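Given the structure of chain A, go ahead and fit chains B and C onto it with the hints provided.
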Amino acid sequence: MSLFLWGLVIIFVGGLASLINGRRAGLASFFGAAGAVAGSITAVIPAFKVFLHGVTESFRLNWNIPFGSFFVQIDAISAVFLIPIFGLSAIAAVYGAEYLLAYREKKNLGAPWFFYNLLLIGMALVVVARNGLLFLVAWEIMSLSSFFLVTFEYERQTVRQAGLIYLIAMHIGTAFLVVFFILLGHHAGSLDFDKISGVPSSLANVLFMLAIVGFGTKAGFMPLHVWLPYAHPAAPSHVSAVMSGVMIKTGIYGLVRALTILGFPPAWWCWVLILIGAVSGVLGVLFALAQHDLKRLLAYHSVENIGIITIGLGVGLLGINMNSPILAVLGFAGGLFHVINHAVFKGLLFLGAGAVLHSCKTGHIDLLGGIIKRMPWTAFTFLIGSIAICGLPPLNGFVSEFLIYLGVFKNGMGGGLEAVIPALIVIGALALIGGLALACFTKAFGVIFLGHPRSDYAQQAHEVGPGMKFSMVTLAALCLLLGIFSPLVIKSAENVILEITLLTFPDVQAELASASTVLWNFVFVSLILFGIIGVFTVLRKLLLSGRCVRQTVTWDCGYAQPGPKMQYTATSFAQPLTDLFKLFLRTRKDISHPKGVFPVQSAFHTDTSDISEKYMYEPAYKWISLLLSKLRWFQHGRLQIYVLYIALTLGILLIWKMM
Amino acid sequence: MIILKLLNMVIALAAAPLLLGIINRTKAVFAGRTGQPLLQLYYDIWKLLRKGAVYSRSTSWIFRVGPVIGLSVALIAAALIPFGGLPAVISFKGDLILFAYLFGLSRFFTVLMAMDTGSSFEGMGASREVTFSTLSEPALLIGLAAIAKYTGYISLSQMFSSLNLSVWLNAGPAFVLVGFAILIVFLTENSRIPIDDPNTHLELTMIHEVMILDHSGPDLAMILYGAAIKMWLLGAILIGIVVPVHSGNALFDISAAMLFMILLAIVIGVIESSMARLKLLHVPQLLIGATTLSILALVLILR
Amino acid sequence: MNNAADTIMIFLVLTNLTLLGLSRLGTCIRIVAVQGVVLGLLPLLLNGWSLELHLVFFSAAIISLKGIVFPWLLTRALRDLKTQREVEPLIGYGTSIALGMVILVICMWLGSRLPLPVAAMSTLIVPVAFFTIMSGLFLIISRKKAVTQVLGYLVMENGIYTFGVALVQKQPVLVELGILLDVFVAVFVMGITMFHINREFDHIDTDQLSRLKV
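Residue numbers (our numbering), protein chains in the order written: chain A, 1 to 659; chain B, 1 to 303; chain C, 1 to 214.
One chain only, chain A, in its complex shape (with noise of 0.2 Å):
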């Protein structure tokens, strides 16, 4: 534990040097970096011992606030959080450190660093907290150095109204998880999670939801994740990574952990989560399809994979509910395996759109085109995220969705209605994602990258740094790995899996283990196939040495002066399937037909909004706005008038407490 809280000492230590240091760039990323990837390596050495081992170890100090106490622990469920939260945040420090770099002339680049850090405090002490008041405390931590960081460019209107939105979100999610701790507390007469038990099922239903817009709010759950495709574009890249890769799975761990504290759940939680992955990871892809800015086309793919976690979690607990330990593992596995997958190929996926951002100075999908050629690295590495969050083996995307159809699947074929209905939802909607995400993300792929350049921004490609490079082939290589040695990670599951269901031991560990065989099945097929995969690739050398191999223009039907604004457009790529799904999207057209014999002119601009935002969000603040504004009577702009504002209070306060 001491270990643990070193590291975040030595974090918060880099964060400090390098806002000390501000003004000299180099030197301020230097001790950001250093600091975030030191302190890192050192506090996730206790978290993989109890990812491990299980031990669960804590730490207590007295605090002297009503209510709140200085307590911490790492326990599985922590571990599980943790280890992404500290590998990512150090992979996406050594690609901002050079990133950043490209702001010296303009900015303090030490402001950025010191909330990076603290950043990454905050996620770590969030995880670890065992108090309500201290959970909050990180919470807020977490919350507002998030918002100075998407606010970074601040001297951009769309920035600012990001960064409101943004604020604005938090504040409402953590609203909520204020009332619920406050449930809380006054039931169990303590804010330690160690102390409350027993909740009555009727305040648990309450805290539940109180728990799903808390949480879900943090996490992106549908329609009430409007801030994300705001704040996820404008912070700079390595912080979308971040933020995107394991800040918003804090929101699933609240959820994770507010689960095990309410006792057992009744079989509508277990709906409710599973309908609101569904929906939360159909509509999410659908959105991202329709956009047409890379990194907010990722911020909707995250509200996606959000959707299969909690489908995940929504069986596993439904595995709880029915008492299948099958249903149970292998829910919970997939869930939280993906918890680590999306951090893995998200934060790859970030950091490319990063490196084309910094490269092209663009994110407009259609702008770009062919800079496979200028950009290699990135491209191939680009290539393998987006291979891994489509879901497709042999990398790690597939293995959490596979787990997660394997529960269903199984406990499907012995149950009756009620455990076929999830079985059906949970296929449909996964087979659905998974194609979505597929047209998404060759979409992405294949206009950003492969084609010809589409405009000059795309022609000033060039390739990023060796630190960029590096973070980019670390997470690569990670997608794979994770994918390969996937039927070990399983295996080392049966702690975390204990804690979140309650089941016995013995049932956990076989569940793992035949999970773990059937994954080793799916290793050696993908091992075979790499092997086929490189003889093919031999075989077909041997074929072309010697021949007659020519270079040409692509067959263009005919038409003999074929140009790259002739290629097939992002817009016009995704068009089927955002026809065919118009009910959710109202995607809104303007056309501009050309005219006559020689048109001049003609233009066609779609545009998706979102709308849980337009629906939902913008009457609601109508209304509001509409209500406070007859308070607005109350404001003068009078300097005195508001000190005597105070001075009543005061006065009024003292005399209530008087009598």
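For the record, the hints were derived by calculation from the structure and aren't laboratory data.
Some clues are possibly wrong.
Claimed, not checked - The list that follows gives simulated cross-link-like pairs (lysine-lysine, BS3-like), each with its CA atoms no further than 25 Å apart:
hint, chain 1, residue 1, chain 2, residue 2
1, B, K5, B, K93
2, A, K541, B, K51
3, A, K582, C, K144
4, A, K582, B, K279
5, B, K47, A, K541
6, A, K361, A, K107
7, A, K106, A, K361
8, A, K361, A, K565
9, B, K279, A, K589
10, A, K491, B, K93
11, A, K373, A, K565
12, A, K595, A, K565
13, A, K469, A, K107
14, A, K469, A, K361
15, A, K49, A, K491
16, C, K144, B, K279
17, A, K582, A, K614
18, A, K614, A, K589
19, A, K589, A, K565
20, A, K361, A, K373
21, A, K373, A, K469
Unchecked claim - Here are a few chain B residues that sit away from chain C, every Cβ distance over 12 Å (derived from the structure):
hint, residue
22, V29
23, I193
24, H201
25, L202
26, L238
27, S247
28, G248
29, M275
Claimed, not checked - Reference listing, derived: stretches of chain C covered by chain B, where coverage requires no fewer than 3 residues with Cβ under 8 Å from a Cβ of chain B:
hint, stretch
30, 5-14
31, 90-100
32, 103-114
Please read these numbers as outputs of a predicted model, since none were measured by experiment.
Each residue gets a CB set at the ideal place from its N, CA and C atoms; glycine is no exception.
For chains B and C alone, kept in the frame of chain A given last:
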């Protein structure tokens, strides 16, 4: 036993190109022509393997590695599918999911290869391919889930070997539904009429053919062979569900399955000769319909 | 498991789903007609093909009404109206089928919750009857043309009929005849109304009727 399993795979790899020959011959008979030789695809592949290649200047390594991955995936998938009572070479719980996703991998690269050329026609084909496959995937997986529910197994080999012709007495209606759903998936995935016309000569209207316009030589041979294997495997699933003959005599079972494969090819030929291609806008409706059939079958089996 | 009754039920589900996904009004009318004929055979089948006179008479009445008279009336109306397709439905065809699937699953669940005595015959009858009623309602809600709405009404009636046959196995005649009479009048009136609306306004979009209230 291992020899029998390997025999299954050898048959798939050797006989796969024959299916297309039979389909084309059936279509020719319907049109009153003599038609190509039955072994035309073998000749084509052999011819292409001996040729050089022409590459577009806009393509990258994706374009070159794609065919290799496509064929490798088809080979490994062949190891997962049981045929005519013979179990698959590799079988484990949930292999049907791996099977569906493996073809996702090969589709991923086919689509990227098409985008790599920068041709708007190939982009168009790619866009249609991802649209239709998105909708056919749920139909296939839920259809297989229905069979899994009926048999109680979730590995393809166990599932198929526990079926026999008596299913038609016990759950006939459900099997008709699954059969139709998987037939639609078969037609979609192998780009047959009424979804896609493999013989059209207008690039604008193609789906699969247009994506591989720029390939030549050994690359094209690999793509053609991979597509043939894919057709064989999906066909094997279809006949494994619809006409599960299990007499216990391996030789008899295999011959029966071969016969049914030939019959399937003839049926496909008849469908292609007697139907027009659907409007592209109507294809999604057909595929959603297929998913519906699968769901309905699952609900039926449930009771 | 009663395979023949099951098959009819599945046939009913499939025809309903097809109706949700079709735009050609002529085909829709024919499908509803076939549905009527098949349903006409249902009472005979549920009684094990025992050819009692009143049952045969009843079946014949149903078949001739649902399979011949209604389709004939509707086809005639269609011919006079010169509309062949449902254009721009409020809910698209693909979406309609998908929603239909959701409704079906809900009906299955409802059916499993209702302890009705018919379960012995075929467990599918109750959910499918529900589903048929629901799809009829769905058609009425989501389509604009009056013809489709009449069809939706007929489908709904088919659902009620199935329910009736299942519940009152021996003597469904009284219930059924009452309903049939209602429907008959309804179709008749609708046909006449449609004809007149069309003559006055040159179209039969029912949502344009709201203009009349000004």
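For each hint, the structure was consulted:
1. B:K5 with B:K93: Measuring from Cα to Cα gives roughly 17 Å; hence the hint holds.
2. A:K541 with B:K51: 13 Å, holds
3. A:K582 with C:K144: Satisfied, since the Cα-Cα distance of roughly 20 Å is no more than 25 Å.
4. A:K582 with B:K279: 19 Å, holds
5. B:K47 with A:K541: 17 Å, holds
6. A:K361 with A:K107: 17 Å, holds
7. A:K106 with A:K361: 16 Å, holds
8. A:K361 with A:K565: This hinted pair holds, its Cα atoms lying about 20 Å apart.
9. B:K279 with A:K589: 23 Å, holds
10. A:K491 with B:K93: 17 Å, holds
11. A:K373 with A:K565: 18 Å, holds
12. A:K595 with A:K565: 20 Å, holds
13. A:K469 with A:K107: 24 Å, holds
14. A:K469 with A:K361: 18 Å, holds
15. A:K49 with A:K491: 15 Å, holds
16. C:K144 with B:K279: 24 Å, holds
17. A:K582 with A:K614: Since the Cα atoms of K582 of chain A and K614 of chain A sit roughly 15 Å apart, the hinted pair holds (cutoff 25 Å).
18. A:K614 with A:K589: Roughly 16 Å between the alpha carbons, so the hint for K614 of chain A and K589 of chain A holds.
19. A:K589 with A:K565: 20 Å, holds
20. A:K361 with A:K373: 17 Å, holds
21. A:K373 with A:K469: This hinted pair holds, its Cα atoms lying about 16 Å apart.
22. V29: Its Cβ never comes within 12 Å of chain C, the nearest being 31 Å, so this holds.
23. I193: Given that every Cβ of chain C is farther than 12 Å from that of I193 of chain B, nearest at about 20 Å, it holds.
24. H201: 30 Å, holds
25. L202: Label holds. Min Cβ-Cβ 26 Å, cutoff 12 Å.
26. L238: 20 Å, holds
27. S247: With a cut-off of 12 Å, S247 of chain B remains clear of chain C, as the shortest Cβ separation is near 25 Å.
28. G248: 27 Å, holds
29. M275: Answer for M275 of chain B: holds, closest chain C Cβ roughly 16 Å.
30. 5-14: holds (count 5)
31. 90-100: holds (count 5)
32. 103-114: holds (count 3)
In summary, this structure violates none of the numbered hints.
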